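These protein sequences, in sequence, are chains A and B. Counting in our numbering, the first sequence runs from 1 upward without gaps. Counting in our numbering, the second sequence runs from 540 upward without gaps.
There may be inaccurate statements among the hints.
Unchecked claim - Now the stretches of chain A that chain B is said to cover, found in silico as 3 or more residues with beta-carbon under 8 Å: (1) 19-25; (2) 347-359; (3) 411-419.
As the list claims (entries may be wrong) - Derived Cβ-Cβ restraints for the label pairs, each shown as a range: (4) B:S960 - A:H273: 42 to 48 Å; (5) B:T931 - A:T432: 31 to 37 Å; (6) A:P442 - B:M694: 33 to 39 Å; (7) B:P906 - A:R351: 52 to 58 Å; (8) B:L894 - A:R203: 56 to 62 Å; (9) A:D500 - B:A1014: 48 to 54 Å; (10) B:E862 - A:E38: 49 to 55 Å.
Treat the hints as calculated values from the structure; they're not laboratory data. No experiment lies behind these values; they were computed from the predicted model shown. Cβ coordinates follow ideal geometry from the N, Cα and C atoms, glycine included.
The residues making up each chain are set out below.
Protein chains: 2
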Amino acid sequence: MGLIHQLLVVRASGKLADHQRGYPRWELANGNLQELLEAGVGGVILLGGSAAEVALRCAQLRRWAGQPLLLCADVEEGVGQRFDGATWLVPPLALGRLYGREPERAVALAERYGQCTGRDAQALGLNWVLGPVCDVNNNPANPVINVRAWSEDPMAAGVLAAAFIRGAQSKGVLTCAKHFPGHGDTSSDSHLTLPLLPHSRERLAAIELPPFQQAIAADVASVMTAHLMLPALDPDRPATLSKPVLTGLLRQELGFGGLVVTDALVMEAIAGHYGAGEAAVLALEAGADLVLMPADARAAIAAIAAAVQNGRLSRGQLEASAERRQRALERCGDRSAAASSDPEGAAQPDRALALELVRATLEAMPPAGDSAGAASPPTARQPGINLIRLDTALAAAFLPPTAPALARPEARGWRSVLLESRSPSLWSGIPTAPLALDRLGPGPVLLQLFVRGNPFRGHAGSAEPWPAALRQLAAAGRLAGLVVYGSPYLWEELRPLLPDGIPGVYSPGQMPLAQAEALNTLGSALGLGDTGSGAGFTD
Amino acid sequence: MGLIHQLLVVRASGKLADHQRGYPRWELANGNLQELLEAGVGGVILLGGSAAEVALRCAQLRRWAGQPLLLCADVEEGVGQRFDGATWLVPPLALGRLYGREPERAVALAERYGQCTGRDAQALGLNWVLGPVCDVNNNPANPVINVRAWSEDPMAAGVLAAAFIRGAQSKGVLTCAKHFPGHGDTSSDSHLTLPLLPHSRERLAAIELPPFQQAIAADVASVMTAHLMLPALDPDRPATLSKPVLTGLLRQELGFGGLVVTDALVMEAIAGHYGAGEAAVLALEAGADLVLMPADARAAIAAIAAAVQNGRLSRGQLEASAERRQRALERCGDRSAAASSDPEGAAQPDRALALELVRATLEAMPPAGDSAGAASPPTARQPGINLIRLDTALAAAFLPPTAPALARPEARGWRSVLLESRSPSLWSGIPTAPLALDRLGPGPVLLQLFVRGNPFRGHAGSAEPWPAALRQLAAAGRLAGLVVYGSPYLWEELRPLLPDGIPGVYSPGQMPLAQAEALNTLGSALGLGDTGSGAGFTD
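Whole structure, please, built from the sequences with the hints as guidance.
Laid out in structure tokens, this is it:
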């Protein structure tokens, strides 16, 4: 049954010890993992661990497999987004915004973004980058795509994604256009439920499909399916399990000859509806080559074997999929030797590119260089409250205790208040004055908001009234400055509310490097720039 | 100048990339580090990084040095305390409490504690464990020693520390008795200021010295000095820089022939008073063999060289120190080959010992097995507020998002509220009703308090009125249960305040494994035990 095993990609932690797994329900324990690899399972998706540790892990997995292996990860924003020590880049949507102002520069940067990601992935021992996202984020309320997309515009998204593919694949790794046929215009999260895309074929051809067509033209090695319903193409089954979508549209109409891989079958939208074994069979029947994260790998193998026995699946079809997998491995020159990863090289990030991207995509209000006319804010240089909003402070990779967003203001006497999903409430319940200022303490308030997804959904469905809070602070003469990290939509909502002379900055990136640059930009007014005192993060 | 370089132990991050350093002010960048090692610097103290990554790092440092190297870390509570993936054990004071009930079992466990630490350190490539703490924690207000000590009693502390030394050194690593001549009875933090110990020689002989004498009798390889003033021994200089203390008391009276190493000279209490170069010279003059973390390694080297030139230090003395270092390296069989560390072995923790220690040192109220008479609390099984107090949620190793303290109650419908140093306030300012219950929301309250040091000092000098808060919740009929993780002193303060039938648990350990056991113990009353649903951490 080696043929069937090859078509599975299972999930494992990038950390070595079982107890270090961040998601023990989804990540196989080492005993199971080793057994499955020895039996011939064809790929592993990794999450967690530092870059150096993942390099060790990849070598270990290849040793267990004893054969070439697909090793992949969701490294959409640089390998450092997932694996500390490698290069962490601004999210793709940052380049989509830059494309509106400087298209050639944006395309050149997207290609270098791909090169950097490919190089880092190689150093870790990964041979398959699960990106670029080719979804067009034309729905700002999208809770799951958002800044992961390259643009809100189909053409820009396609041009940038293609540049990324060229860059990454030039470094000898595979890439993956996702989530076919387009997950940008959804307002529910397919990790939880099955979103529905009610669009016609014509609309899909105009908005959703062009980036995938450009990715295919750029010779993308693989395409990942989306867990969503497209009644115009298939009234019965989600795209991941739909023959009209995978075989009809993707293979036949768009002519894609590479690897088709499902999104994680363990997601509730699929596993909950179809069961672990049947979902895998349906995906292969529909035309997928590889099954990603089946809810139960052994059940999937047994169900596929039974489907071959009873004729639902032809052995020839599975052989064709295995052949595509083989060609992909040859294309990226996979070496089965453990020596293929380079732990020390994995921790040598391209800080210059990361910084260039941060600087190129930062936006300031008033615009940089335009400070002559702006009055210094009344509160400038008097320390106050450094109010930071984030989803959770637990294991927040972008907010170590040395993060500039904390350390810079604190070194200058500001008191940080962290507002996150499990904090005691700071909300008054009064719509026009939503912040309970008596709980915040006196002084000017620097607002630093870390928001990636739908800014007004917040956590667990609660709305966070930041526009009203901004107005409240401004009316009280207490607003010292605003920084939005992540969501351009929140920035665009808040920017017009900034009073004259109160500085605001938007950074698409949330990482420490972006914080340092944002505070440098805000710094002239508030005295929060890098003084070289060593308290900053950039040294 | 290779002779002088050998006597320095510099600090580096256990992570490979410069930007990953958690303390860039104290941790050398790789360029400087490599230069110093190539010039012959004799040791490195490491902090940060996972066990597997540190194993890579140790191999890298040995390669740079090209000669046997002392590689050490403050792994006082198992190597997993500092380096994720290795074994994380309960703090030593847990065994001191057990010793009061079951002395033989406590000593046997302390020896296995040492064996486990030695084995894990070996696997990482470390050859020098900076423990045991031999301070007698007879001052519960001690902000810096506390649970790191083995006991509040001199005899017990000595017996347990000696057992640890035997265990660890049997695995081929060096140990270090600290902080000589005793840091247990201080109420200020030598990281910040210079504490004063006003005791007579007789008192020192009765309380402070016995554990060090037992450690020396157990053949401890090294002793670390304390940054504190002992006017009875030396009215002029802190112990670290005092000839009467290091040469007179330690070498001559106690007859210690091993390595004497300073505590970190970079600490404000030393560096701030004496300067980087002069502090190093004074330490060697006083009788130290090795200088740990000089504030500026190059300044220290230059100052020591000048002191040799002008006759303040004799070359013979430095050669004797280098000889002691050499003997220590031979004793632990240091191999300079990069192959000496074992990244995969480094991430194979001894979970059985960790669990046995957690279970042996857990305390329950009412005592376990005594639940027949206890009324089920009125609030049992009705979910409410899971109020967690901790110093900081940022990079809290014991509180990943999957931590049982969060995940168990949340899986059963409890809402977690995290109270930490940067949270919006939950305090009312009313002494008899200090919790602002209106900000907390309705329902029963499960209190989980993570406190290691002085419980009533809290963060940055603020007092946290937990006894009054407990009374307030009890009076309101809202107290569902109490768990104290860490400080026995907070537990002893709160335990008598628990109303009949309200369960309480104390765990010396704060790590996820300890949380799972504590909640299992509390579980029968509150329904928070492990149901095997997979939401827990113990699998």
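Against the structure, the hints:
1. Counting residues of the region 19-25 of chain A whose beta carbon lies closer than 8 Å to any beta carbon of chain B gives 6, which meets the minimum of three for the stated coverage.
2. With 4 residues bearing a CB less than 8 Å from a CB of chain B, the region 347-359 of chain A meets the requirement of three and the coverage assertion stands.
3. For the region 411-419 of chain A, the stated coverage by chain B holds: 4 residues have a C-beta nearer than 8 Å to a C-beta of that chain, and at least 3 were required.
4. For S960 of chain B and H273 of chain A, the hinted distance range of 42 to 48 Å is satisfied, since their beta carbons lie about 45 Å from each other.
5. In this structure the supplied range 31 to 37 Å holds for T931 of chain B paired with T432 of chain A, their Cβ-Cβ distance being about 33 Å.
6. Here the CB-CB span from P442 of chain A to M694 of chain B is close to 53 Å, at odds with the stated 33 to 39 Å.
7. Judged by the Cβ atoms, the range 52 to 58 Å given for P906 of chain B and R351 of chain A holds: they are separated by roughly 57 Å.
8. At about 58 Å, the beta-carbon gap between L894 of chain B and R203 of chain A stays in the expected band of 56 to 62 Å.
9. With their beta carbons about 52 Å apart, D500 of chain A and A1014 of chain B fall inside the hinted range of 48 to 54 Å.
10. At about 52 Å, the beta-carbon gap between E862 of chain B and E38 of chain A stays in the expected band of 49 to 55 Å.
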